[in-house]
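Peer 1: Given next are the chains, with one letter for each unit.
There are 2 protein chains.
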Amino acid sequence: MSRRRDQARRSVLIQVQSENSSYELYDYCSQFGKVQEMHHYKIGDNLSFILIEFNLLSDVEAINSASTHIQVDQNLPVTSPFLWFRVVPNRVRKDFVDKDIPLKVINANVASAPDDMNMLLFKAESVSDQMTLLHNATKLNETGTRLRFLSARQIELCLSGMFSEVTVLPFGSSVNGCGKLGSDLDLVLQMHPHLKENVQSRLVYYTKASSNPDRAQTQKVMEIIANIIDHFLPGISSVKKILHARVPIIKFNQTLTNLECDLSMSNTTSIYMSELLYLYGELDWRVRPLIFTVRSWARYMKLTNNYPGHWITNFSLTLLVLFYLQQKQILPSLQKLIELADKNDVRIADGDVNCTFLRDISKLPQASSRNEDDLETLLTDFFIYYSNFDFTTKSISLNAGMPLPKPAESTVYIHNPFEPGLNVAKNINTQEMERLKIEARNAAWLFCSAADNNANDWGLLSLFNQKIELNVKPIRLNHTNRMVELTALFSKSKTVDGVEKHSKYTQSANANSNTVNHSVDKQRISSKKKKSNQKQEFRR
Amino acid sequence: MSRRRDQARRSVLIQVQSENSSYELYDYCSQFGKVQEMHHYKIGDNLSFILIEFNLLSDVEAINSASTHIQVDQNLPVTSPFLWFRVVPNRVRKDFVDKDIPLKVINANVASAPDDMNMLLFKAESVSDQMTLLHNATKLNETGTRLRFLSARQIELCLSGMFSEVTVLPFGSSVNGCGKLGSDLDLVLQMHPHLKENVQSRLVYYTKASSNPDRAQTQKVMEIIANIIDHFLPGISSVKKILHARVPIIKFNQTLTNLECDLSMSNTTSIYMSELLYLYGELDWRVRPLIFTVRSWARYMKLTNNYPGHWITNFSLTLLVLFYLQQKQILPSLQKLIELADKNDVRIADGDVNCTFLRDISKLPQASSRNEDDLETLLTDFFIYYSNFDFTTKSISLNAGMPLPKPAESTVYIHNPFEPGLNVAKNINTQEMERLKIEARNAAWLFCSAADNNANDWGLLSLFNQKIELNVKPIRLNHTNRMVELTALFSKSKTVDGVEKHSKYTQSANANSNTVNHSVDKQRISSKKKKSNQKQEFRR
Chain L
48 MSRRRDQARR SVLIQVQSEN SSYELYDYCS QFGKVQEMHH YKIGDNLSFI LIEFNLLSDV
108 EAINSASTHI QVDQNLPVTS PFLWFRVVPN RVRKDFVDKD IPLKVINANV ASAPDDMNML
168 LFKAESVSDQ MTLLHNATKL NETGTRLRFL SARQIELCLS GMFSEVTVLP FGSSVNGCGK
228 LGSDLDLVLQ MHPHLKENVQ SRLVYYTKAS SNPDRAQTQK VMEIIANIID HFLPGISSVK
288 KILHARVPII KFNQTLTNLE CDLSMSNTTS IYMSELLYLY GELDWRVRPL IFTVRSWARY
348 MKLTNNYPGH WITNFSLTLL VLFYLQQKQI LPSLQKLIEL ADKNDVRIAD GDVNCTFLRD
408 ISKLPQASSR NEDDLETLLT DFFIYYSNFD FTTKSISLNA GMPLPKPAES TVYIHNPFEP
468 GLNVAKNINT QEMERLKIEA RNAAWLFCSA ADNNANDWGL LSLFNQKIEL NVKPIRLNHT
528 NRMVELTALF SKSKTVDGVE KHSKYTQSAN ANSNTVNHSV DKQRISSKKK KSNQKQEFRR
Chain X
48 MSRRRDQARR SVLIQVQSEN SSYELYDYCS QFGKVQEMHH YKIGDNLSFI LIEFNLLSDV
108 EAINSASTHI QVDQNLPVTS PFLWFRVVPN RVRKDFVDKD IPLKVINANV ASAPDDMNML
168 LFKAESVSDQ MTLLHNATKL NETGTRLRFL SARQIELCLS GMFSEVTVLP FGSSVNGCGK
228 LGSDLDLVLQ MHPHLKENVQ SRLVYYTKAS SNPDRAQTQK VMEIIANIID HFLPGISSVK
288 KILHARVPII KFNQTLTNLE CDLSMSNTTS IYMSELLYLY GELDWRVRPL IFTVRSWARY
348 MKLTNNYPGH WITNFSLTLL VLFYLQQKQI LPSLQKLIEL ADKNDVRIAD GDVNCTFLRD
408 ISKLPQASSR NEDDLETLLT DFFIYYSNFD FTTKSISLNA GMPLPKPAES TVYIHNPFEP
468 GLNVAKNINT QEMERLKIEA RNAAWLFCSA ADNNANDWGL LSLFNQKIEL NVKPIRLNHT
528 NRMVELTALF SKSKTVDGVE KHSKYTQSAN ANSNTVNHSV DKQRISSKKK KSNQKQEFRR
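So the protein sequences, as listed, match chains L and X. Last residue of the first sequence: 587 (my numbering), numbering continuous. Last residue of the second sequence: 587 (my numbering), numbering continuous.
These aren't lab readings, by the way, just hints derived from the structure by calculation. The structure displayed is predicted, hence computed values, not measured ones. It is possible that some hints are incorrect.
For identical chains, the list gives no copy identity; a pair is met inside one copy or between any two copies.
With a straight-line Cα cutoff of 20 Å, these simulated EDC-like cross-link-like pairs (lysine to aspartate or glutamate) come out [what the hints assert, rightly or not]:
hint, residue 1, residue 2
1, Lys255, Asp120
2, Lys267, Asp277
3, Lys287, Glu270
4, Lys227, Asp309
5, Lys288, Glu270
6, Lys267, Asp120
7, Lys410, Asp389
8, Lys255, Glu307
9, Lys255, Asp277
10, Lys267, Asp309
Produce the complete structure using the sequences and hints provided.
Peer 2: Right, here's the structure in full:
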């Protein structure tokens, strides 16, 4: 987090004509400081940007001093890290061929899954490969992460004259390791990161006496900040103030970084929640691909959508995945992480919420017996686990790392990890819970009946209900056997045993020169799956 | 100006229990940097403040880092140069006796004329002494000037995150050398002091595209800034947005510096006008006492008041005094100052208004024959001059330094020095012009008939219609003769000759121990007046 914020402070974003400007831009910027990295990306077909990281903060200050405002009588001369590189008449064209510039990436994808995602999935070796591929192709990448921190920096910078300690931090999917390309940017604005006063200090800042209660004050402050960013900050548009929600937010688009943003205040638990999810993601390489696949499935099945309602949220889904992985002995309980915390891990958020847990995962003792299931096995088992889960009497507790008796009436009960008395999934109604279970059962069934798959929607494609258009119907050989017994899906037996899956199939299609993108000319090679014994215990 | 702004950047204002805290405060602050100067003042009977100037900007940064916010969950943690010095329990009381601290002034008067102003005037030696005394006791002093620049700095600082080049400059009476204690603080906010773009720079700041026309944009920006200062900035209260005036302004009180402020934008000619008035004030020591006296007279006679209307403004009155002094060969015409300007003096304000004139008065050639009239003579002559001025056909032009034919219909026409096509006194109606002339005539009459003065309202007291309450009626001896022939007042003769005034009087009163403030126990010593030949030419 602090590395990323520091990076953002040393970065500027510069609009250019195209990636070909990078040599000239590098040459120009190098007068002012040492260019560390350059990232190029596009918005639409026409807008090209280069994000430049400098070596030192003073390099950025030098760049700022050397940059100009134009038409100051018409435009508000706002200072921000967003610039454009103008063409000057009669400039000498230098020959930059073979010049070694630190352009890390050209045309970075910062927006959404690649257009040919389905074809990529189709070409994969196995479901596990598909999951890895889906994760790698849709997860937030380096350039995308930098743009998020730079967007936060813009807001922070503009308020720094009033609130010298102000911080604007990305939280949620942008930083928890589960972020997708194109996902919204959640930001939390803290006027002052240290709640504690310095009792040693005899000099106290004068502040404004406020007659408003806290909430009204927050709403008023957010209204003013919304007006500031709406009218002053370049690139920001469509500012909406949603100040009467439980957590008041300001929504806006930052068109230069192509991000939809939600800015809130006094939301420090969210920051620690992001840390927790990040840490769980770091503990095992299978965590994030599994989360990505489950979220994609839920979106395709319309179990989730972008609006709040009685359906499950991505956050709740993520907790379901983590909880499931705790049952598989892949992830430790939060209680375990809390027990291992030392004094450097102590974090108390607004409202005295204790967010203390072990941050340094190297201090986590190695489990004696590791679960070595592959991604496909874990995914299938995930669907089976939740299609059988007794939501009516059990609650999901990441703290305990096992199901607990439900503490209160609610269709689904997922304990908030930091405030176990709060239910993260309170919004879900019976109908949505039933849909979730049915779709999980269908998904499990799909993998069981994989033998019947058509070639153009095998594996995840089938799970997502996506078909590839092929000119020639591919031939699949050696279809896989059923992965699980059907009985496992429809009974509440305590133990579900997976059976060996022989996913030996090859597939080929003739290339058609007119439809190169859709042609498939690759031999699929069978992949051996290790036998996995899946055991699910419902602890009572 | 830049020296004052730099001083403000190195200053903080600290509320203390009383001036006795200065030793302890000095001791405490000296840990963080070198204290250059300390100024103490009070607001009302209870609020004590010490303004501290540090040696370096980094000292203030150190002070800021060492200062604390309290109750951050309730108060907005705004950073500003306004602090308070809290008492800590169990502190060790040090002995500060004889410690040499740079406390320049204790209980500086920053608000208004002293309570015993009339008594001070009463005790003066002569009308000229009264004028000097009035000027010295009511002019803006060092502490007051510093507070004005610090108040400007507060606004500037809070916007500096958005607009890195923003400047908030005092203008008008706070800086033109004609400022009175307690006068309003006029501020002009410039987003960017350099209107010209840097054509060499290839990097251009992104700015917000504005669909608004200029004026609507300025109003919107000022509305947002008004909300910022209203809600965030400590000490600021009673914010009023007057955005539909010809020059939109934000009015507010800064209660910590005890100032009523008017903030405007895009008002650069005002800054240069302040420079011009300042420069005229520097050219001769008699300029400012004369302006102060004329303004006080106008206020007492209700020729001016705090609200805009058909009456003459202080600014117009000031121009009348300067113009009159041009007629007396004491001040040069603006045309002369423009002719002497070199390339460093070139200033072009918003709207291409040329505000170029000589800034370095040492380059002004010495006049061969100096007018050496004393203040009393100049004052009397001022009244005579304007009671006879032909406002119906003549206009006042400081550029020409002489009356010009009136270019347009208007009761009174005073050319704006920088935009001679504009009439500064357009607002004055016939009735107010007549009142002005009548009161000027009465004032001249009063000095002519000074022989009849009562002891308790002699000189300026009489002019201001103020009487001293005395326990013992003082005895005046050797009353002055008439200063001017009465015919001079009531005829439009081209020449007015003053006659010798023998203002030889002595006055004494017994002190009464119960009314020390009102007792007079001083021998007035007659002051010789030089014979002055007053000659007024009406150039046609």
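Peer 1: For every hint, state whether the structure bears it out.
Peer 2: Checked hints:
Taking CA atoms no more than 20 Å apart as the test, Lys255 paired with Asp120 passes between copies only; the shortest distance there is 13 Å, against 33 Å inside one copy. In this assembly of identical chains, Lys267 and Asp277 lie within 20 Å of each other by CA distance both inside one copy and across copies; the values are 15 Å within and 11 Å between. Taking the closest pair of Cα atoms, Lys287 and Glu270 come within 20 Å of each other both inside a single copy (10 Å) and across two copies (18 Å). In this homomeric assembly, Lys227 and Asp309 come within 20 Å of each other (Cα to Cα) only inside a single copy, at 16 Å, whereas the closest approach across copies is 50 Å.
Both within a single protomer and between protomers do Lys288 and Glu270 lie at most 20 Å apart by alpha-carbon distance, with minima of 7 Å and 18 Å respectively. Taking the shortest Cα distances, Lys267 and Asp120 sit within 20 Å of each other only across copies (15 Å), while inside one copy they are farther apart (31 Å). Taking the shortest Cα distances, Lys410 and Asp389 sit within 20 Å of each other inside one copy (10 Å), while across copies they are farther apart (74 Å). For the identical chains of this complex, Lys255 and Glu307 are inter-copy neighbours only, at 18 Å across copies versus 33 Å inside a copy, given an alpha-carbon limit of 20 Å.
For the identical chains of this complex, Lys255 and Asp277 are inter-copy neighbours only, at 9 Å across copies versus 24 Å inside a copy, given an alpha-carbon limit of 20 Å. Taking the shortest Cα distances, Lys267 and Asp309 sit within 20 Å of each other inside one copy (17 Å), while across copies they are farther apart (24 Å).
When the structure is compared with the earlier hints, no violation turns up for any of them.
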